[in-house]
Amino acid sequence: MDAILLQVLNGLDKGGAYALIALGLTLIFGTLGVVNFAHGALFMLGAFCAVTIREVLTLSVKVKDESVTFFEAFKEVPYLELWLGETGKTIIDWSVPISILFAIPFMLMVGLVMERGLIRHFYRRPHADQILVTFGLAIVIQEIVKAYYGANPIPQPSPELLSGTANVGAFFGLGDNLVYPLWRLVYLGFALVIIAIVFAFLQFTTFGMVVRAGMADRETVQLLGINITKRFSIVFGLAAVVAGLAGLMYTPVLPPDYHMGMDFLVLSFVVVVVGGMGSLPGAVLAGFLLGILQSFASMNEVKQIIPGLDQIIIYLVAMIVLLVRPRGLMGRKGVMED
Amino acid sequence: MTKKSSDLSRRSLLKGTAAATAATAVAPSIFVPNATAAGAFRNDPGNSSTVTLGFNVPQTGAYADEGADELRAFKLAVKHLNGEGDGGMMQTMQPMNLKGNGILGKKVEFVTGDTQTKSDAARASAKRMIEKDGVIMFSGGSSSGVAIAVQSLAQEMGTVFMAGLTHSNDTTGKDRRRYGFRHFFNAHMSGASLAPVLEAEYGRDRQVYHLTADYTWGWSQQESIAKFTKSQAGWNTVADVRTPVGAGDFSQYITPILNSGADVLVLNHYGKDMVNSLTQAIQFGLRDKQVNGKDFQIVVPLFSRLMAQGAGENIKGILGSTAWNWKLSDAGSQAFTKAFGQEYGFPPSQAAHTCYCQTLLYADAVERAGTFNPEQVIRALEDHEFDGMGNGKTLYRGSDHQAFKDVLVVRGNQNPSSQFDLLEVQDIVPRDKVTYSEDTYPGDLGPYKV
Amino acid sequence: MKATPTNTSDMRMVLIFSVVVLLMPIWLQPFGAAYPDLMQKFAIFGLFAIGFNILFGQTGYLSFGHAAFIGVGSYATVWVFKGLTMNIFPAILFGTLVSGAFALAIGYVCLRRTGIYFSILTLALAQMSYNLAYSVLTPITNGETGLQLSLDDARVLDDPIKEGGGIPPTNLFGLELQAFDGLAGFYICAAFLILGFYIAMRITRSPFGSMLRGIKTNNNRMMYTGLNTRPYALAAFVISGMYAGLAGSLMAAVDPLAGAERMQWTASGEVVLMTILGGVGTLVGPVLGATVIKYFENIFSAIDKSVLADLYSFLPDGLADVFVTVTGLFVGKGWHLTLGLMFMLVVIFLPGGIMEGVERIRRRFSKQEESN
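Residue numbers (this note's numbering), protein chains in the order written: chain U, 739 to 1076; chain R, 160 to 609; chain C, -19 to 352.
FYI, nobody ran anything at the bench for these hints, they're computed from the structure.
Only a predicted model underlies this, so the values are computations on that prediction, with no experimental measurement involved.
Fair warning: there could be bad hints in the mix.
BS3-like cross-link-like pairs, simulated, lysine-lysine; straight-line CA separation at most 30 Å [claimed, not checked]: (1) U/K800 / R/K238; (2) R/K497 / U/K813; (3) R/K238 / U/K802; (4) U/K813 / U/K802; (5) R/K266 / R/K389; (6) R/K475 / U/K813; (7) R/K291 / C/K347; (8) R/K389 / U/K1041; (9) C/K62 / R/K238; (10) U/K1041 / R/K234; (11) R/K386 / R/K497; (12) R/K238 / U/K813; (13) U/K884 / C/K313; (14) R/K333 / C/K62; (15) C/K196 / R/K291; (16) R/K258 / R/K592; (17) R/K497 / U/K800; (18) U/K1041 / R/K453; (19) R/K234 / U/K813; (20) R/K448 / U/K1041; (21) C/K313 / R/K234; (22) C/K142 / R/K266; (23) R/K608 / U/K827; (24) R/K475 / U/K800; (25) U/K800 / U/K827; (26) U/K802 / R/K475; (27) U/K800 / U/K813; (28) R/K234 / U/K800; (29) C/K142 / U/K800; (30) R/K291 / R/K258; (31) R/K608 / C/K62; (32) C/K142 / R/K608; (33) U/K884 / R/K234; (34) R/K234 / R/K291; (35) R/K234 / R/K497.
To be clear about the criterion: a stretch of chain C counts as covered by chain R if any three or more of its residues have a C-beta under 8 Å from a C-beta of chain R, and this derived list gives those stretches [stated by the list, open to error]: (36) 8 to 20; (37) 113 to 127; (38) 147 to 160; (39) 235 to 244.
Yeah, the Cβ is synthetic: ideal placement off N, Cα and C, and Gly gets one too.
Working from the sequences, and respecting the hints, build out all of it.
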């Protein structure tokens, strides 16, 4: 029982990341009709917002390290610590959540620039061209990050307060044996909140209503004299923010490197396809579902029966869905069939 | 169908040979002929005033930190060989035939490559070094998969490979090659040195869960550790779960441990993988657990200071083995640490140590052989015994090209005296305790002449 | 593409192509690329790209999983080396056929969908094969370490050990691929490249080729005429899979090791880059694209700060530093950035790739001549 609950938590956690990326992807699909291969790069950019902010906060002065007598060695002491003492330490400790403040405007800007500068010229081009140009863009973004931050993962610690373990067992009344890393729970909660915000935004604001109408029938909305294009580019910015925040909060779980976007991209596409192209609830559902499936497939009991299932389960599900129910779990029929 | 394609292929064969013969007519001015003539060998520096070495290390991927440190050590070794700096271990190494004027009077130059921690990329990079840059020897490592792959290339091409960090038994076991040499220790030695300490510290009859990097090194280390802890302390393996290299997130592999009934976790991971899996294992509360009435323990059989740096607090108190540590007090280790520290501002890692030694050992062997001809150089290295390079008296065994030397058992330092003092040497296990007979891991070196 | 290429102009093209390929060891000298390993790569990836173009260029189906066939071809080939003989002929034949069979299975599944669904299906299937090769199929693929030859392989037709010890080298009926310092290997690859080029040309010119282009321009109309296009698309898929398998086999033939990395989806992305960059739908374009990318990967990537410093040494110090830093972003380890930018520019402004660029320049000049 404990084992199953843990795997569910694991799955929900990973699923949270999948769902957030897929949400943005499918939003862009649904509104702009664009297949965005650079969406993984946005996830990665968000993660590197955290890295950047941490670098800024830990700008350091080199102090000679007296404890090393063998040769001249230096210790790095952050200015913040020098100036503000304990407060400075606390600020550095909370760098990941703090960087959200920076990431939101930054990702919004990146999204808007991307849409206005590049993507909008591709609305009328074939899907293959959209895939290709965004694939190229992903490479470029990724390489720029690599040029600044190198090719290696840069671990980001979560705040001390949130990096311990949470006694989930006691909470559910299942005994003390059941513990789970606190930050992962925070991530899950965060993902749920973001998803709720996005849905609320689309459901309860006029802006959201127009966007939803546009997703359902773009031409009619335009005939009504509404400038849907402008709204759609804001939607692109929104999707970028969601992907970026997903990446940012994931950094304490998975040390970010320039390549993480590509790794997540493939999976997110699969999630979108399984959920149904252009279906927001579908993306969220499929994200969590696939996360949980993957996590169950990696249980030793399952692997004993079907070895290697954990490696392929997601792709297997995607294939079956595509072949049996091409529109996905919650998609409409005929979206992007050609 | 078969007939048709065989027809086609005969034609293409004819074309191929015809073209090849045509090309050889123009070739001599362009390509050095094959190493068939007596005494001739690939990339002979001849009358050139310089000689080129190739350093093929992972600059990206899970083992990139080790690769970067290896590269620093190589550069330092080249400096010392060319007579710059204080000479480092050239002051302490015994016997010592280097003169500080390059190798055989030729100034040492080098090229570098990125193995990306992948066999394919590493071989391509090594091939480029041999074919394009004309290296006479190449070195590097950090992944046994890569080391084995390029070592077999070394044999095919007839270019000596002085392996860097590679810890799988196979490197000098079933995949040993005449043209490959390993100075680093291996999984067998880790098991032999670690098992007695583990028994003393954690007691007998433990239930062990292995998480194992899914390639030759992981398999090899898992096997050795399981074997030695079983025979020494009666430890029983509950499960051995293979994980992909560079997985990043190990949570899905760690959660099943919680309810498996195991009371020891052995992490057969290295580099960033180990940092991630250890950090996550601790986040999942493994170290605070009590199982079977015993405290849950984590063991990392292959340890390095760089990994300790990455893992921070989490490493404290954890036991493992290592080839070398900068805090060793012998003259060779001190000379090297001093030279390296002055150059870079921090002490060298075990990966740096082995790569530095390998470069000097190769150069020394060339001096002793009096030629760059790999055949003679190999003979000069085989059964060569040396001292003054850390680890005490060391033997390069001729029958499998494995170096035998002292092995360190270390523990993550609880009270570090400085930012680099992360590992505390628990025990120095003497060479004869970790030496095994040459047929323990049978293999065939292959010919001297290729 | 020319409107109605005649037989003679085709033959002339093949001839020129052959001469250019066969003389690579000479004309590549000044570019520092005339060493066997790289030239073999030019030929092998050229072949891969030609094959990919038969699918993507002709039918418009964009596959993101073609690297899987490279991997299958390589593994199959190495197994023949291990079990049967070091003669590359049966090994390559087997490798190509196995990839063909594999492509048939994958194609049958993937071609049930079109458009981006097809792309994602191929992506998923290829990634699945890659993951499998890395994990459960380790007994066949030797996982991360890569499948290698060893002295105790059976090699029933040959001696498992060569005279004087060691693993025997790969050969084609006795001609060692290592011979003449690897040139033999290059010429064998080059011969396959020329053959592959010729076959691709014949396919393009055949009625089958026009059918494929029909699928690209208007699949629905083809369907309405009562024609089931899927078998044609499947045939193209299998052919291009076999090209990829052949390329994988040759890779294993010149360097008898097969690693799973060559199956990863980024490797599939690379062939897409090659084809687009060179000129999708053209015959020479894909080979050109493959050559450019492999050249970049091996030569451009080796340019480091010191080389650049030499290059700009004529400038005043401060200025030279700025130039070195700026250009340093794009060469050496940053060559991928250049590649990405080049690729984007091509997709945006020059959808026909380098070939279209050449054509445009040619046209401009000929127009000028006319006006003169």
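Each hint, compared with the structure:
| no. | hint | result |
| --- | --- | --- |
| 1 | U/K800 / R/K238 | holds, 27 Å |
| 2 | R/K497 / U/K813 | holds, 18 Å |
| 3 | R/K238 / U/K802 | holds, 26 Å |
| 4 | U/K813 / U/K802 | holds, 6 Å |
| 5 | R/K266 / R/K389 | violated, 51 Å |
| 6 | R/K475 / U/K813 | holds, 21 Å |
| 7 | R/K291 / C/K347 | violated, 44 Å |
| 8 | R/K389 / U/K1041 | holds, 25 Å |
| 9 | C/K62 / R/K238 | violated, 44 Å |
| 10 | U/K1041 / R/K234 | violated, 46 Å |
| 11 | R/K386 / R/K497 | violated, 38 Å |
| 12 | R/K238 / U/K813 | holds, 27 Å |
| 13 | U/K884 / C/K313 | holds, 9 Å |
| 14 | R/K333 / C/K62 | holds, 16 Å |
| 15 | C/K196 / R/K291 | violated, 43 Å |
| 16 | R/K258 / R/K592 | violated, 35 Å |
| 17 | R/K497 / U/K800 | holds, 20 Å |
| 18 | U/K1041 / R/K453 | holds, 28 Å |
| 19 | R/K234 / U/K813 | holds, 24 Å |
| 20 | R/K448 / U/K1041 | holds, 26 Å |
| 21 | C/K313 / R/K234 | holds, 19 Å |
| 22 | C/K142 / R/K266 | violated, 37 Å |
| 23 | R/K608 / U/K827 | violated, 62 Å |
| 24 | R/K475 / U/K800 | holds, 26 Å |
| 25 | U/K800 / U/K827 | holds, 17 Å |
| 26 | U/K802 / R/K475 | holds, 25 Å |
| 27 | U/K800 / U/K813 | holds, 6 Å |
| 28 | R/K234 / U/K800 | holds, 25 Å |
| 29 | C/K142 / U/K800 | violated, 60 Å |
| 30 | R/K291 / R/K258 | holds, 29 Å |
| 31 | R/K608 / C/K62 | holds, 22 Å |
| 32 | C/K142 / R/K608 | holds, 12 Å |
| 33 | U/K884 / R/K234 | holds, 24 Å |
| 34 | R/K234 / R/K291 | holds, 21 Å |
| 35 | R/K234 / R/K497 | holds, 15 Å |
| 36 | 8 to 20 | holds (count 7) |
| 37 | 113 to 127 | holds (count 7) |
| 38 | 147 to 160 | holds (count 8) |
| 39 | 235 to 244 | holds (count 5) |
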